[in-house]
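*Asks:* Line order of the protein sequences matches chains A and B.
Numbers given in the numbering used here equal positions in the first sequence, counted from 1, plus 235.
Numbers given in the numbering used here equal positions in the second sequence, counted from 1, plus 252.
The hints are simulated quantities; they were obtained by calculation from the structure and are not laboratory data.
All C-beta atoms in this analysis are idealised placements derived from N, C-alpha and C, irrespective of residue type, glycine included.
All the pointers check out, no bait thrown in.
To give a feel for the contact side, a few chain A residues facing chain B, derived at Cβ under 8 Å:
id	residue
1	Cys533
2	His539
3	Met679
4	Met688
5	Ala694
The residues making up each chain are set out below.
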Amino acid sequence: MSSPSRVSPAPDPVPVPAPPTVIERLGAVVGPAQVIHEPVDLRTYECDALTSFRAAPSVVVLPGSTEEVAQVVRIAAEAGMPVVPRGAGTGLSGGALPVPGCVLLGLSRMKKILEVDLDDGWIRVQPGVINLDVSKEISAAGYYYAPDPSSQSVCTIGGNVAENSGGAHCLKYGFTVNHVLGCRLVTADGSVIDLGGPALDTPGYDLLGVVVGSEGTLGIVTEVVLRILRKPEATRTFFATFPSTTEAGNCVSEIISTGIVPAAIEMMDRLAIQAAVAATGLDWPDVGAALLMDVDGCSAEAEHTSKVAVEIARRTGALEIRVPRSEDERQLMWKGRKSAFAAMGRLSPNYIVQDGVIPRNDIARVLAEIARLSQERGLRVANVFHAGDGNLHPLVLYDAKVPGQEHAAEELAGEILRICIRYGGSITGEHGVGADKAPYMGEMFSEDDLDTMAKVRCAFDPGTTFNPGKVFPTPRLCGDRPGVYRPHPTEVAGLADRG
Amino acid sequence: MSAPLQGLESAREVRPRSLDEATAAMAETAREGSKVLFVGGGTELGLGPAPSGIDVLFRTDGLDRVVEHSALDQIVVVEAGVTLGALQRLLGAKGQMLALDPPWPDRATVGGLVATNAFGPRRTRYGSVRDLIIGVSIVRADGTAARGGGKVVKNVAGFDLPKLMVGSLGTLGLIATVTFRLHPRPEAEETLRLPDLDAETVRRLVLAMRQAQLEPNAAAALVRDGGADLGVRFDGRFEVGVRFEGFGAGVQQQAQRLLEVATRQGWTAERLPAARATDFWARHDQVREAAVGFRAKLSAQPAEVERVANAALGSLFPVLDQPRAVHYPTLGLGFVTGEPRPGAPLAAALAAAREALVGGSVVLHSAPTELRNTPGVWGPPAAGLPLMNSVKLRLDPGRRLAPGRFVGGI
Chain A
236 MSSPSRVSPA PDPVPVPAPP TVIERLGAVV GPAQVIHEPV DLRTYECDAL
286 TSFRAAPSVV VLPGSTEEVA QVVRIAAEAG MPVVPRGAGT GLSGGALPVP
336 GCVLLGLSRM KKILEVDLDD GWIRVQPGVI NLDVSKEISA AGYYYAPDPS
386 SQSVCTIGGN VAENSGGAHC LKYGFTVNHV LGCRLVTADG SVIDLGGPAL
436 DTPGYDLLGV VVGSEGTLGI VTEVVLRILR KPEATRTFFA TFPSTTEAGN
486 CVSEIISTGI VPAAIEMMDR LAIQAAVAAT GLDWPDVGAA LLMDVDGCSA
536 EAEHTSKVAV EIARRTGALE IRVPRSEDER QLMWKGRKSA FAAMGRLSPN
586 YIVQDGVIPR NDIARVLAEI ARLSQERGLR VANVFHAGDG NLHPLVLYDA
636 KVPGQEHAAE ELAGEILRIC IRYGGSITGE HGVGADKAPY MGEMFSEDDL
686 DTMAKVRCAF DPGTTFNPGK VFPTPRLCGD RPGVYRPHPT EVAGLADRG
Chain B
253 MSAPLQGLES AREVRPRSLD EATAAMAETA REGSKVLFVG GGTELGLGPA
303 PSGIDVLFRT DGLDRVVEHS ALDQIVVVEA GVTLGALQRL LGAKGQMLAL
353 DPPWPDRATV GGLVATNAFG PRRTRYGSVR DLIIGVSIVR ADGTAARGGG
403 KVVKNVAGFD LPKLMVGSLG TLGLIATVTF RLHPRPEAEE TLRLPDLDAE
453 TVRRLVLAMR QAQLEPNAAA ALVRDGGADL GVRFDGRFEV GVRFEGFGAG
503 VQQQAQRLLE VATRQGWTAE RLPAARATDF WARHDQVREA AVGFRAKLSA
553 QPAEVERVAN AALGSLFPVL DQPRAVHYPT LGLGFVTGEP RPGAPLAAAL
603 AAAREALVGG SVVLHSAPTE LRNTPGVWGP PAAGLPLMNS VKLRLDPGRR
653 LAPGRFVGGI
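Required output: the full structure, derived from the provided sequences and hints.
*Replies:* Here it is in structure tokens:
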């Protein structure tokens with residue numbers, strides 16, 4: 236976001252050619268067809284969904300198994316080439332942005348669902364499996380996978396694990412990290428280890444909890460064990476309109492303070508509503524704000540909580556309340572919400588999707604600050620967000636053809652992050668830091684905080700081989716490994732190995 | 253439970269009253285190169301090999317401030333030495349709770365709960381410490397204060413240091429403050445009791461509840477009669493309590509539906525009036541808090557109730573006097589407690605239990621001295637041990653914090 240590359244479009248990046256011996260060795264491991272190194276073919280991989288950041292990898296490798304990934308990592312390490320993992324390339328923070336000279340490790344071919352255990356409530360999948368395909372696999376049996384990022388029909392589980400992805404329904408059900416029971420990890424030295432597993436509380440540090448959300452900087456995840464849930468008996472949805480985001484924000488606060496934990500509660504402002512209408516043809520009115528809320532659980536609980544929530548909406552100034560009459564109508568309402576990002580293209584030639592978090596109780600104050608900034612800078616900002624957990628997604632609209640406007644939009648988007656930090660929130664709730672927000676990490680965390688995180692990274696990857704340039708604001712070297720690894724007696728005896 | 257501080261008599265005590273004092277005290281231990289053991293409420297000192305060679309006993313109970321409770325945002329920032337009981341009373345006055353119900357709430361401190369990954373039956377619904385912790389501040393072995401996470405529930409900026417601290421047993425740094433997400437206190441709750449089920453039926457009960465889309469907040473299976481009279485034999489039968497909580501209408505509906513499910517299956521079940529529900533959960537607390545010489549935590553996959561019962565409990569019960577056990581069948585976790593029988597082959601029974609629960613684990617929270625070693629306490633070394641060692645060395649290169657107490661001799 237603060238990178239100059241978006242402000243003044245860089246010329247097409249030129250790849251640093253990979254040494255022919257590396258190409259040959261990689262081909263021997265994964266098959267020559269799965270090694271991409273012609274400059275024209277590499278262009279597909281220059282960026283993820285944050286298209287303003289571009290860099291060319293030296294080579295793209297598409298392995299088909301854990302063992303192949305491990306061998307690729309070893310070859311890259313020997314050649315001194317960084318390794319950048321990539322799932323579906325839907326990330327919005329430049330997490331899969333190549334670094335010049337890197338091996339880009341595409342995991343899209345590893346898309347098998349390996350094992351389903353309904354009795355114990357888990358499913359084991361490869362990282363290239365699409366998020367929504369997990370739920371599809373188990374839907375007929377009455378189960379689902381809870382994390383539901385808006386891109387769930389295209390994004391992969393591996394990418395979700397890297398980013399600790401959220402979604403509208405994580406307010407009640409938690410994020411990716413709360414649903415990952417175990418993973419298989421290829422480490423920097425090409426070892427393969429299993430962290431966690433279907434049985435809870437594996438003795439040892441919660442390395443799994445650290446790997447999830449580490450944005451591909453600690454290792455390559457090649458298998459994931461996910462928790463799956465029984466579908467709730469009942470879901471009740473309502474859509475309510477308000478004169479402004481202030482009344483809508485008050486409604487959210489009141490609902491939560493009565494003890495209701497909605498499955499999801501989403502807010503859209505006027506611009507976002509207009510965009511959703513333009514994209515879907517929904518007959519939503521032109522109003523200042525709207526809420527879309529799900530409650531779920533057993534039928535009596537869902538009935539009770541939706542009734543209470545509707546009463547609160549009326550009391551806090553709702554103009555109109557709609558309850559879907561059918562599942563189709565409900566799905567259409569959610570489609571309106573989920574398409575709000577992409578629909579911005581109908582209102583503006585260009586836009587920046589921002590992702591920040593504030594304490595829920597400060598929503599009205601923060602929106603007022605954003606509105607003031609928007610007026611000052613003469614740029615429209617649409618707001619679509621997960622109101623229940625204070626996760627804002629302001630969309631800064633601009634026209635790249637107007638000189639200076641892109642730069643101004645960049646600045647405004649950055650100012651919004653600073654507001655989030657000032658209110659005690661976070662610079663990212665679900666999109667990740669990636670390359671985009673790395674410069675802001677130093678504003679949210681102290682040097683000592685970052686140093687501590689860097690120590691953890693060095694523990695996993697002392698050569699900072701995996702996804703360099705992401706998360707941390709400045710490049711860091713690990714230095715010598717402190718102390719000396721002392722193998723456990725059982726390892727010496729051959730009862731265990733270093734994995 | 254509270255293992256005496258054996259071998260620590262010669263250690264110097266440090267008891268900071270503020271975070272600044274704690275940071276200074278940590279820096280002092282770094283200058284001295286002294287070995288440090290953090291102690292909160294002292295409820296889990298029996299976990300891990302007995303500490304030895306400790307120079308400084310670092311007591312955290314002076315760090316007893318609730319730094320911030322934002323009821324509207326449903327978060328609390330609290331210093332490590334605050335007891336869970338004190339915290340819950342404060343939150344309860346605002347209609348909220350920290351959804352953790354581990355043993356000894358009036359002694360267990362927040363820092364200790366995080367360090368030991370303590371949990372209770374509510375985990376069924378709300379998850380464990382790792383699902384509720386959203387921020388942490390620590391003081392590293394070198395005296396540097398650092399933090400990770402934040403004050404908002406949704407946050408993916410930077411590595412998840414809070415989760416790294418969970419269950420780390422004071423080997424990575426001083427946990428100074430913790431930030432948790434909170435939940436509303438439920439309007440109503442109700443417990444059903446199924447007094448006599450065998451292990452296979454307990455497993456079927458869990459599946460039947462899920463099939464019926466019931467969402468209990470707790471399910472606990474107590475070994476019937478505690479085996480007290482049998483002494484040497486486990487009869488394989490459980491008394492099960494299932495609790496629902498939430499708004500009144502939902503609790504009523506779910507309780508009634510579970511009763512119907514049980515009746516259809518021919519299982520005896522009853523909806524307990526409040527006083528008897530309290531009694532059931534008090535008996536549950538007695539099992540998990542028993543002041544005895546042996547206490548182990550068992551982990552298996554949820555559907556493996558029969559293996560837990562027949563193989564694991566079946567091995568351990570005969571070598572314990574007054575053996576008792578609680579198993580949480582929706583989680584696959586449980587505890588077995590008792591007094592080791594003089595001369596009985598406890599180590600062999602433990603090995604048999606571990607063999608039965610391959611893929612799971614048996615961890616000793618309290619055990620005779622001869623078993624409190626590595627790998628005796630933790631079982632076979634974890635797959636990620638080299639990485640764990642590496643993390644330890646980056647954060648505590650001198651191996652000064654609780655040396656030898658953790659997995660793999662960390």
